[in-house]
Amino acid sequence: MTFLTYLIKGISLGSIYAIIALGYTMVYGIAKMLNFAHGDVIMVGAYICFYAMMSFGLPPVVAVILAMIVCTVLGVVIERLAYKPLRAAPSLAVLITAIGVSYFLQNAAQLLWTTNPKVFTSVVGDGSVKFFGGQLSISYVTIVTIAACLIIMVALVWFTSKTKMGKAMRACSEDKGAAQLMGINVNTTISVTFAIGAALAAIAGVLLCSAYPTLMPTTGSMPGIKAFTAAVFGGIGSIPGALVGGILLGIIEIFANAYISTELSNAIVFAVLIIVLIVRPAGLLGKQTNEKV
Amino acid sequence: MNRISKTTRSNSLTYAGVIAAFIILQIMTGTGSISSSLKGQLVPICAYVVMAISLNLTVGISGELSLGHAGFMSVGAFSGVVAAMSLQQAIPLAPLRLAVSMVVAGIFAGFAGVLVGIPVLRLKGDYLAIVTLAFGEIIKSIVNNLYVGVDGGGLHFAMLKNANSLGLEEGGKVIINGPMGISGITKISTFTAGFVLILFTLFIVFNLVKSRTGRAIMAIRDNRIAAESVGIGVTKYKLIAFVTSAVLAGMAGALFAMNYSTIVASKFDFNTSILILVFVVLGGLGNMWGSIIAATVLTILPEALRSFSDYRMLVYSIVLIIVMLATNNPLIKNFLGDIRNRLFKPKRNKKLEGGGTNE
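Here the protein sequences come in this chain order: A and B. Going by the numbering used here, the first sequence opens with residue 1, and the numbers climb by one from there. Going by the numbering used here, the second sequence opens with residue 1, and the numbers climb by one from there.
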């Protein structure tokens with residue numbers, strides 16, 4: 001039964017990684033950039049939700065929606081101010097800019113909200129559901145997290161395959177020039193991608209802090225790196241890949257934590273990543289592309 | 001002047017610049033006209049300069065994005081300090097002990113470089129970046145859980161337990177104490193040692209770049225398939241660049257660590273790797289002089305911004321973003337280029353005419 005408990009815990013943590021990884025993977029797919037500021041958007045989302053609930057006494061649902069709106073705006077503003085002027089620049093320049101944005105968000109958060117850790121109150125309450133006569137208990141947070149992840153995933157797959165904007169996104173990630181010739185507004189499409197990624201980051205931030213309730217200006221950075229790893233693990237640029245990568249990473253982390261060593265769990269997660277990438281250099285579900293001269 | 005090639009000239013200018021800076025700083029230290037905070041930063045600046053040059057070899061010359069360079073620094077720092085501490089009696093002369101421990105640090109970091117390089121260099125671009133990042137985190141976790149002690153019987157190692165499990169004899173000393181890192185380091189790093197290490201690094205990197213090997217490395221960077229087709233062994237040359245870079249980083253790590261009395265593994269985390277990458281990118285890929293300047297300025301900058309107190313890191317990040325935008329946006333670039341052209345046009349024409357009369 002402990003095995004099952006750990007498995008569910010892993011899937012739950014993995015779902016959070018998967019939601020964050022989606023933001024990475026979609027932005028990478030379309031803008032070909034590693035958006036290192038993504039992890040810090042998570043933190044901002046969590047803070048907005050925290051203050052909306054604590055200081056303004058808003059109901060959790062409203063607080064989450066408010067966090068999503070703020071993060072969406074933040075994501076679009078970041079994209080417009082910092083990334084759009086660098087569309088034609090070498091990828092390293094964009095990477096450093098993204099890191100600059102990440103520092104900016106962390107330090108702005110430090111000034112606004114101080115470094116004192118806040119204790120986040122779960123948005124779904126503290127109860128749990130019991131199975132097998134109380135042997136297996138699953139908290140509401142876990143259930144909501146896994147459900148949210150599944151809903152988001154289905155919605156995104158539907159969005160990218162059925163709607164006009166979703167198709168435009170796929171077209172842009174395939175070939176920006178050709179997409180433009182077909183009358184797709186590439187800049188708008190990229191902005192929408194950032195907006196969706198940031199909104200998802202807000203959800204992930206709230207879920208993350210509901211499960212692990214310490215909130216600090218640096219809260220987002222480690223999950224951000226892990227989720228980025230998850231995105232690469234599953235094959236960066238692929239939406240199902242982000243789900244698979246995220247969940248596997250979560251399970252590996254929890255199992256390593258429980259059965260091998262708490263201190264080395266991060267090392268084990270990253271070691272597995274390295275092994276997977278050596279065997280499958282484009283990630284689990286990534287497309288293998290042949291290089292041509 | 002024309003007979004000396006352009007690279008030789010810029011290389012000797014770099015050497016000259018470093019030597020001049022060293023002499024000026026030595027004179028300033030001698031006359032006491034240097035602030036104590038800057039004085040304390042001299043050795044870290046040297047270490048960061050070496051880190052930046054060595055990472056520039058990987059990123060700028062070899063064209064591989066590495067996000068785990070601090071990992072090699074960490075390996076070098078810890079192995080170097082362990083070497084220095086266990087040789088305390090054997091080599092009483094501090095500069096020699098520092099040199100020996102730097103060599104040890106370089107060897108260990110180079111070994112780590114081979115270990116990481118062989119599997120990792122098969123990957124490309126962003127995948128390589130993420131694996132180097134992962135490697136940096138693994139190193140951090142491992143060193144965080146490593147216990148090393150020394151006694152009459154030699155070195156003792158333990159993982160994941162505590163310092164007692166080392167089973168040290170009477171009078172033995174714990175060197176690396178897990179997450180607490182190393183404490184009680186004898187500070188033997190000096191500015192002069194740092195200066196020598198910078199010159200050594202420049203010497204290695206410049207000569208490597210100028211050699212046949214260096215040309216092969218750059219050929220692979222510019223077009224891997226074309227380089228392969230003329231018979232260049234991609235993995236071998238990439239590995240040479242990567243391991244050289246790791247060795248230099250390890251030596252910088254040893255220099256850095258022995259400037260402090262305590263050192264912990266979490267000092268060499270992802271943020272440190274990123275910091276060094278920022279030096280390299282701001283200084284210009286492949287431009288060693290740029291790396292030196294960027295590393296120096298950006299190490300001093302947070303201190304210089306102390307008057308902004310809480311806002312300094314915020315200012316730092318804004319400066320970083322603005323510099324990246326200013327140097328890479330085509331609009332701003334063209335605008336700056338225009339100004340430069342307008343300012344220097346007469347001069348350039350004169351030069352052209354001068355060239356004409358020579359013929």
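By construction, these hints were calculated from the structure, which means they are not laboratory data. Don't take each hint at face value.
Heads up, incomplete: computed chain A residues facing chain B, CB under 7 Å, no partners named [stated by the list, open to error]:
id	residue
1	S55
2	F56
3	G57
4	P60
5	L86
6	A89
7	Y140
8	V232
9	V272
Mimicking DSS-like on lysine-lysine, the simulated pairs with C-alpha atoms at most 30 Å apart in a straight line are [stated by the list, open to error]:
id	chain 1	residue 1	chain 2	residue 2
10	A	K176	B	K6
11	B	K236	B	K124
12	A	K176	A	K84
13	A	K167	A	K118
14	A	K176	A	K164
15	B	K124	B	K39
16	A	K287	A	K84
17	B	K210	B	K6
18	B	K6	A	K287
19	A	K176	B	K267
20	A	K287	A	K167
21	B	K210	A	K287
22	A	K84	B	K333
23	B	K6	A	K84
24	A	K118	A	K32
25	B	K6	B	K267
26	A	K84	A	K32
27	A	K118	B	K267
28	A	K167	B	K267
29	B	K333	A	K32
30	A	K32	A	K162
31	B	K210	A	K32
32	A	K84	A	K167
33	B	K124	A	K32
34	B	K210	B	K187
Label pairs and their computed distance ranges (CB to CB) [said to hold, decoys possible]:
id	chain 1	residue 1	chain 2	residue 2	range
35	A	M222	B	I332	48 to 58 Å
36	B	A326	A	K32	16 to 26 Å
37	B	K124	A	L112	49 to 59 Å
38	B	I23	A	I275	33 to 43 Å
The beta-carbon is built from N, C-alpha and C at its ideal position, and this holds for glycine as well.
If you test the structure against every hint from before, which numbers come out violated?
1, 2, 3, 4, 7, 9, 10, 13, 15, 18, 19, 21, 23, 24, 25, 28, 31, 34, 35, 37, 38
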